[in-house]
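All chains, full assembly: derive it from the sequences and hints.
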Amino acid sequence: MPRVMKHVTGGVDINVLTRKEHAPPHVHVEHQAEGWEIKIEFSYVENKGSTYKIKHLFGKLPTQARLNAFALAVMNSRRECREVWWLHVPDAGLNNKWVIVTNGVASPSKQNLAGSFLVSTAIYEAPTASMLFNGRIKGTCP
Amino acid sequence: MRAIEFVDDEAYANLKAQSEINNAKPKLFQSIRYDEKRKNIALSLSTGVEIALPVSAISELAKVPIRSLREVRLSVSGQAVVVSSADIHISTDGLLRDFVQMLPRELISAQFASLGGARTSQAKRASSAANGKLGGRPKKHQAVA
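Residue numbers (my numbering), protein chains in the order written: chain A, 1 to 142; chain B, 1 to 145.
To be clear, the hints were calculated from the coordinates, so they are not data collected in a lab. Cβ atoms here follow ideal geometry from the backbone N, Cα and C, with glycine treated the same way. Take these hints with a grain of salt, some might be off.
[To be verified] For each label pair, taking beta carbons as the anchor points, the in silico distance ranges come out as:
1. B:A126 with A:G135: 43 to 51 Å
2. A:G49 with B:R38: 45 to 53 Å
3. A:T140 with B:E36: 48 to 56 Å
4. B:E71 with A:R66: 24 to 32 Å
5. B:S127 with A:P142: 45 to 53 Å
6. B:D8 with A:Q32: 24 to 32 Å
7. B:S109 with A:R66: 27 to 35 Å
8. B:I51 with A:A23: 43 to 51 Å
9. B:R67 with A:T128: 33 to 41 Å
[Said to hold, decoys possible] Calculated lysine-lysine pairs in the PhoX-like style (CA-CA distance at most 20 Å, straight line):
10. B:K27 with A:K55
11. B:K16 with A:K60
12. A:K60 with B:K25
13. A:K97 with A:K138
[Said to hold, decoys possible] Simulated coverage check for chain B against chain A, where a stretch passes if three residues somewhere in it have a Cβ under 8 Å from a Cβ of chain A:
14. 7-21
15. 82-96
Dropping the structure here:
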């Protein structure tokens with residue numbers, strides 16, 4: 001169940017770990033034969049290139065082009081990543097963060113921007129790929 | 001259309017530097033094996049300690065067939081307990097913490113206090129010196145014969 005993608009590109013597995021994982025939401029990317037493991041962060045309210053931060057865990061770092069390919073794979077399957085993460089770690093990492101919902105779509109914001117609100121609860125609704133903030137504000141995940 | 005660049009040259013150089021630091025550190029979790037006789041998974045730490053965890057107490061593994069349990073391995077970083085054929089990827093850290101919670105509370109509290117007491121810092125040194133200037137630890141009362 002926690003596996004998001006298997007053998008995405010040349011023997012790489014992408015998984016969400018179960019038990020006490022913590023925000024920010026992330027997947028573990030491992031190549032057993034090549035002996036390396038990294039993690040890639042993702043967000044429920046953002047979908048820019050810089051959202052998908054890569055952290056090295058162990059082994060020889062893959063080439064820049066391969067890292068970009070893995071991040072793209074995570075970006076393209078972000079809906080599945082969010083769903084699997086929420087199933088095992090029901091924490092989107094948005095508590096005490098400022099968010100805004102514009103034209104029905106949620107995005108990160110700042111305190112002094114009109115329409116922004118501070119998140120106290122954020123619940124992911126997988127069937128509609130959206131978040132319910134503070135029990136009343138709904139925003140689609142980009 | 002220009003492809004999205006997730007990792008630019010600067011980020012890649014930073015990752016490369018971080019990888020050298022990470023690879024130089026010893027891995028806390030070294031290996032794992034399934035002990036069929038005792039129905040445990042035995043987790044070896046870099047400290048030389050081996051911890052046996054009963055499979056029946058690990059919800060993710062409790063119903064996994066023995067032939068799959070025989071394949072149990074640690075992920076490359078040691079951060080995950082993996083049974084690939086059963087699609088199981090458990091955080092090693094999280095698993096151990098759950099087991100630590102099963103230990104008697106007094107034992108955990110005592111160890112926590114001991115770690116805190118053994119910790120040294122500039123702030124603790126300064127506070128200790130300031131308290132010393134006030135006269136130091138009060139003398140114990142002499143028992144009256």
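Checked hints:
no., hint, result
1, B:A126 with A:G135: 43 to 51 Å, "holds, 47 Å"
2, A:G49 with B:R38: 45 to 53 Å, "holds, 49 Å"
3, A:T140 with B:E36: 48 to 56 Å, "holds, 49 Å"
4, B:E71 with A:R66: 24 to 32 Å, "holds, 27 Å"
5, B:S127 with A:P142: 45 to 53 Å, "holds, 49 Å"
6, B:D8 with A:Q32: 24 to 32 Å, "holds, 28 Å"
7, B:S109 with A:R66: 27 to 35 Å, "violated, 47 Å"
8, B:I51 with A:A23: 43 to 51 Å, "violated, 27 Å"
9, B:R67 with A:T128: 33 to 41 Å, "holds, 40 Å"
10, B:K27 with A:K55, "holds, 16 Å"
11, B:K16 with A:K60, "holds, 9 Å"
12, A:K60 with B:K25, "holds, 14 Å"
13, A:K97 with A:K138, "holds, 16 Å"
14, 7-21, "holds (count 8)"
15, 82-96, "holds (count 9)"
Violation of the numbered hints given earlier is confined to hints 7 and 8; the remaining hints are satisfied by the structure.
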